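J.: Since chain F is already given, all that's left is putting chain D on it; use the hints.
Protein chains: 2
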Amino acid sequence: MFVIITYDITDENRLNKVRKILRKYLFWTQLSTFEGEISKGKLAQCLSEVKEVISPSEDSVYVYQVENPKNLNKKVLGIEKSFLDNFL
Amino acid sequence: MFVIITYDITDENRLNKVRKILRKYLFWTQLSTFEGEISKGKLAQCLSEVKEVISPSEDSVYVYQVENPKNLNKKVLGIEKSFLDNFL
Numbered sequence: 001m002f003v004i005i006t007y008d009i010t011d012e013n014r015l016n017k018v019r020k021i022l023r024k025y026l027f028w029t030q031l032s033t034f035e036g037e038i039s040k041g042k043l044a045q046c047l048s049e050v051k052e053v054i055s056p057s058e059d060s061v062y063v064y065q066v067e068n069p070k071n072l073n074k075k076v077l078g079i080e081k082s083f084l085d086n087f088l
Numbered sequence: 001m002f003v004i005i006t007y008d009i010t011d012e013n014r015l016n017k018v019r020k021i022l023r024k025y026l027f028w029t030q031l032s033t034f035e036g037e038i039s040k041g042k043l044a045q046c047l048s049e050v051k052e053v054i055s056p057s058e059d060s061v062y063v064y065q066v067e068n069p070k071n072l073n074k075k076v077l078g079i080e081k082s083f084l085d086n087f088l
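Top to bottom, those sequences are chains F and D.
Residue 83 in our numbering sits at position 83 of the first sequence, and the numbers go up by one each step.
Residue 7 in our numbering sits at position 7 of the second sequence, and the numbers go up by one each step.
Note that these hints are calculated values from the structure, not bench results.
Every value quoted in this text rests on a predicted model; they were computed, and no experiment measured them.
It is possible that part of the hints are untrue.
Heads up, the list lumps identical chains together, so a pair's fine if it works in one copy or across two of them.
Quick list of in silico lysine to any residue cross-link-like pairs, SDA-like style, CA-CA up to 20 Å [what the hints assert, rightly or not]: (1) Lys40 <-> Met1; (2) Lys42 <-> Asn13; (3) Lys42 <-> Gln65; (4) Lys75 <-> Phe2.
For reference, chain F alone in the conformation it holds in the complex (with noise of 0.2 Å):
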């Protein structure tokens, strides 16, 4: 399946940890953003990882999912961004 996860995390600390675990499964897109196809075990994997992490009371981690890629439309206003593996 195709998965968008956004975050907001309000801790550098907690955040830089979050952003390994997720560029381990997916492409960090945007600073915020991360995309890509995972199977559903991958998925529940890196949550449960990134569950670990995070402080359940101040930051914020949205997933969206769609069982289908063709059933998602994507458009890019202004820059294509991708964030290099070794950017941190």
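T.: Frame of chain F, contents of chain D only:
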């Protein structure tokens, strides 16, 4: 259709303008994410307003469209935020 818009705007002034446009059409759910149901016509109008404000070589706006909201599954980890209309 259901739309998720994420953005990286590098200039504070342009950022505020983009948010002002987006909140006329969608719900502000994270610092860099808006979402909601919108018609094709309204979305075209919204994006044309956004295009006039952003710097295409510096800013980045992603528009994810899902024709049928049934095809989209949203999961929230941590807090589910919503910004008040009068936040700005």
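J.: For each hint, tell me whether it holds in the structure or not.
T.: Going through the hints against the structure:
1. For the homomeric pair lysine 40 and methionine 1, the shortest alpha-carbon distance inside one copy (7 Å) is at most 20 Å, but the shortest distance between copies (25 Å) is not.
2. Taking the closest pair of Cα atoms, lysine 42 and asparagine 13 never come within 20 Å of each other, the shortest separation being 24 Å inside a single copy and 39 Å across copies.
3. Taking the shortest alpha-carbon separations for lysine 42 and glutamine 65, only the intra-copy value of 13 Å comes in at or below 20 Å, while the best inter-copy value is 24 Å.
4. Taking CA atoms no more than 20 Å apart as the test, lysine 75 paired with phenylalanine 2 passes in both settings, with 15 Å inside one copy and 14 Å between copies.
Hint 2 from the earlier list is the only one contradicted by this structure; the remaining hints agree with it.
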